[in-house]
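There are 6 protein chains.
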Amino acid sequence: MSQEFSTGFPHVRQVQNLIRDKQSVEIKLLTGDLISGRILWQDPQCICLETDDQRKHQIWKQAIGFIKY
Amino acid sequence: MSQEFSTGFPHVRQVQNLIRDKQSVEIKLLTGDLISGRILWQDPQCICLETDDQRKHQIWKQAIGFIKY
Amino acid sequence: MSQEFSTGFPHVRQVQNLIRDKQSVEIKLLTGDLISGRILWQDPQCICLETDDQRKHQIWKQAIGFIKY
Amino acid sequence: MSQEFSTGFPHVRQVQNLIRDKQSVEIKLLTGDLISGRILWQDPQCICLETDDQRKHQIWKQAIGFIKY
Amino acid sequence: MSQEFSTGFPHVRQVQNLIRDKQSVEIKLLTGDLISGRILWQDPQCICLETDDQRKHQIWKQAIGFIKY
Amino acid sequence: MSQEFSTGFPHVRQVQNLIRDKQSVEIKLLTGDLISGRILWQDPQCICLETDDQRKHQIWKQAIGFIKY
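Chains as they are written, first to last, in this note's numbering: chain R, 1 to 69; chain B, 1 to 69; chain S, 1 to 69; chain V, 1 to 69; chain A, 1 to 69; chain G, 1 to 69.
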């Protein structure tokens, strides 16, 4: 997976843009949860989302259905 | 997965055709969601779907059940 | 996965037979959907099923529970 | 996965024994289905189960919760 | 995955201890099933659990949520 | 996956911090379970969570939706 974690890929670059712009997003998970917040960081395995109550959700990418923005 | 992301494979080429033709599709996700729209781009991990309200859904391929067209 | 996509494996060969014989099958997905139709093509990632209304379902193999025939 | 598909592993050998002995088993899938029958063959990706009505279920291993015997 | 199946990893060693001690465990699966019993063996792909009625459940690790002990 | 299990990655380092600080966390699983407790250890495949009743949950990372902290 490391080889595919490069800003050369749109899916990585888009998330980097969302982090830079502190844009509000919704993330739908395979658990059925829909979580709203801002993305703080990403790495090859996880995305960290901070919700309005300032709790951090370290989300495994394997569990993501989609990010809506 | 990179090795398998080539237009030599029908599953990649078909999605490229759907992008080129701006064709309406439905995507059924493992979350149970059925989302309608047009595909903007794909890369080895994700497909980006724009819905009629011009919101973008960056969908992880791991979460796709099927694309109907 | 490429290495395992060869007609030397029964699971690939059986699907090739189903395509050749235009046999009706049912595919049960992890989404809970049960879809009936004929398989048009397969590649290492996907199987394309045409339903009676001539709509195509490009199904990701990762989402398949079973094919019944 | 090929490297791990060898009769040196108990999980492969046990399924080979079930095939040889034509033993009745129950397979629970991530779809929630519980299917009863006899295993006809296995390969690195799939297990084929024949139910009492002589229909074949080509089950993807990724979708198996457990085999009960 | 083979490279990660070594008693140098806590997750493998703990299961080996549970086998050696014939300890009762509960395994929660992605199917929603919660199965109680004793672990007979593990290999890189599966864990075999014997329930009180002496039925064996060959569980695929991919389907395990957690083991409780 | 081994290559990606290094404290150079935020997702690994954050969990190491949670272990060191004995911080209470909630883990949401793909089974739908939400489990609260403290993380005792992690390795490339699993995270071990101790709940208040001192039961250990050896959680497979594949089954994690998110860790909330």
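A hint or two may mislead.
When chains are identical, the list treats them as one kind, so a pair holds in a single copy or across two.
[Said to hold, decoys possible] In the DSS-like style, the derived pairs of lysine-lysine whose C-alpha atoms are separated by at most 25 Å in a straight line are: (1) K56 <-> K22; (2) K22 <-> K68; (3) K56 <-> K68.
None of these hints come from the bench; they were simulated from the model.
It should be emphasised that the depicted structure is a prediction, and the values quoted were computed from it without experimental measurement.
Hints and how they fare:
| no. | hint | result |
| --- | --- | --- |
| 1 | K56 <-> K22 | both (15 Å within a copy, 16 Å between copies) |
| 2 | K22 <-> K68 | both (14 Å within a copy, 20 Å between copies) |
| 3 | K56 <-> K68 | both (18 Å within a copy, 6 Å between copies) |
Of the numbered hints listed earlier, not one is contradicted by the structure.
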